[in-house]
Amino acid sequence: QKEVEQNSGPLSVPEGAIASLNCTYSDRVSQSFFWYRQYSGKSPELIMSIYSNGDKEDGRFTAQLNKASQYVSLLIRDSQPSDSATYLCAVLTLNTGTASKLTFGTGTRLQVTL
Amino acid sequence: DGGITQSPKYLFRKEGQNVTLSCEQNLNHDAMYWYRQDPGQGLRLIYYSQIVNDFQKGDIAEGYSVSREKKESFPLTVTSAQKNPTAFYLCASSKGQGSSYNEQFFGPGTRLTVL
Chain S
16 QKEVEQNSGP
26 LSVPEGAIAS
36 LNCTYSDRVS
46 QSFFWYRQYS
56 GKSPELIMSI
66 YSNGDKEDGR
76 FTAQLNKASQ
86 YVSLLIRDSQ
96 PSDSATYLCA
106 VLTLNTGTAS
116 KLTFGTGTRL
126 QVTL
Chain W
23 DGGITQSPKY
33 LFRKEGQNVT
43 LSCEQNLNHD
53 AMYWYRQDPG
63 QGLRLIYYSQ
73 IVNDFQKGDI
83 AEGYSVSREK
93 KESFPLTVTS
103 AQKNPTAFYL
113 CASSKGQGSS
123 YNEQFFGPGT
133 RLTVL
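Sequence order for the protein chains is S and W.
The working numbering applies: residue 16 is where the first sequence begins, and numbers increase by one.
The working numbering applies: residue 23 is where the second sequence begins, and numbers increase by one.
No lab work stands behind these hints, which were simulated from the structure alone.
Watch out, some of these pointers could steer you wrong.
Derived pair list, reagent style EDC-like, types lysine to aspartate or glutamate, alpha-carbon separation capped at 16 angstroms [claimed, not checked]:
1. W:LYS92 x W:ASP76
2. S:LYS57 x S:GLU18
3. W:LYS105 x W:GLU84
4. W:LYS93 x W:GLU46
5. S:LYS116 x W:GLU46
6. S:LYS82 x S:GLU30
7. S:LYS57 x W:ASP60
8. S:LYS116 x W:ASP60
9. W:LYS117 x W:ASP60
Quick partial rundown of chain W residues pointing at chain S, CB under 10 angstroms, derived from the structure [stated by the list, open to error]:
10. PRO30
11. TYR57
12. LEU67
For clarity, every value in this text was computed on a predicted model and none was experimentally measured.
Backbone N, C-alpha and C define an ideal beta-carbon position, used for all residues, glycine too.
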C-alpha cells in the first residue's frame with residue numbers, strides 16, 4: 016500500500032468551476048500536510064499547509080483535513096487556466112529518535128479548460 | 023531575495039563519470055534535502071542534512087554522496103555507481119528538522135541526463 020495516494024488524473028474542470036483534489040495517507044501518526052503545485056518542467060511550489068482538522072482558506076485555495084479518515088483535500092475555487100498543473104500532496108511524520116519524514120504522493124494533474 | 027539556487031539547470035553525463043550538482047540557500051535554514059523525481063513517481067529522498075557537518079541517508083542513497091561543510095551549501099555527487107541516474111534532481115530546505123511546522127521549499131532543479 017502506498018503511503019500517500021492521489022488519483023493521477025487528469026482532472027479536467029471548466030474555467031470558473033471548483034476543482035477538488037484528494038489525497039489519502041496510511042500513517043495515522045502523520046502530523047502535517049502540504050500541497051505543492053508543480054508546473055511542467057518546473058520545481059514544486061508550496062501553496063498550502065494544514066496541521067489540524069478542519070478547513071484552512073487562503074485566497075481561492077481551501078485545504079481540508081480529516082485525520083480520523085486519513086484524508087486531506089485541496090479545493091480551488093474559480094479555477095483559471097493558470098491553475099493547470101500537477102498538484103502534489105505531502106505528509107510529514109515526526110519520528111521519535113529519528114528525523115521527521117516528508118512523503119509525497121505522485122500528484123494529480125489538473126487541466127482547466129476554457 | 024531569499025531563495026534556493028541550483029546549478030546547472032541541465033547536465034549531461036557520460037557513462038562512468040561522477041558529476042556534482044550544486045545547491046545553495048540564503049534563507050538561513052538549518053535543514054537541507056535532496057530529492058529525485060522520475061516520471062510517474064513521487065519525489066524520493068536521497069540525502070538530508072539537519073545541521074552543518076552532519077547528514078543522513080534517505081530512501082535511495084545508493085550511488086550518491088553529499089557534504090555539508092557550510093550552512094548555505096549542500097552539494098550532491100552522482101557517482102558512477104548509480105545505475106539509473108537520469109532524473110530531475112530537486113534540492114529543498116527548511117527551518118529545522120524537528121518541528122511539525124516544517125515547510126520545505128524547493129530550488130528550481132537540475133535535470134540530469136546520461137548519454
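Cross-check of the supplied hints:
For the hint linking LYS92 (chain W) to ASP76 (chain W), the alpha-carbon distance of about 10 angstroms falls within 16 angstroms, and the restraint holds. For the given pair, LYS57 (chain S) sits about 24 angstroms from GLU18 (chain S) by alpha-carbon distance, which is inconsistent with the 16 angstroms threshold. Restraint check: the Cα-Cα separation between LYS105 (chain W) and GLU84 (chain W) comes to about 9 angstroms, which is no more than 16 angstroms; the hinted pair holds. At most 16 angstroms may separate the alpha-carbon atoms for a hinted pair to count; LYS93 (chain W) and GLU46 (chain W) meet this at roughly 9 angstroms.
Between LYS116 (chain S) and GLU46 (chain W) the alpha-carbon distance is near 22 angstroms, which puts this suggested pair outside the 16 angstroms criterion. Taken as a hint, the LYS82 (chain S) and GLU30 (chain S) pair is broken in the structure, with Cα atoms around 31 angstroms apart against an allowance of 16 angstroms. Taking the CA atoms of LYS57 (chain S) and ASP60 (chain W), the gap is near 13 angstroms; set against the 16 angstroms cutoff, the hint holds. Taking the CA atoms of LYS116 (chain S) and ASP60 (chain W), the gap is near 19 angstroms; set against the 16 angstroms cutoff, the hint is violated.
For the hint linking LYS117 (chain W) to ASP60 (chain W), the alpha-carbon distance of about 26 angstroms lies beyond 16 angstroms, and the restraint is violated. For PRO30 (chain W), the interface hint is violated, since its Cβ never comes within 10 angstroms of a Cβ in chain S; the closest pair sits about 14 angstroms apart. Look at TYR57 (chain W): its Cβ gets to within about 8 angstroms of chain S, closer than 10 angstroms, so that hint holds up. This hint holds: LEU67 (chain W) has a C-beta 8 angstroms from the nearest C-beta of chain S, less than the 10 angstroms allowed.
Hint violations for this structure: numbers 2, 5, 6, 8, 9, 10, all remaining hints satisfied.
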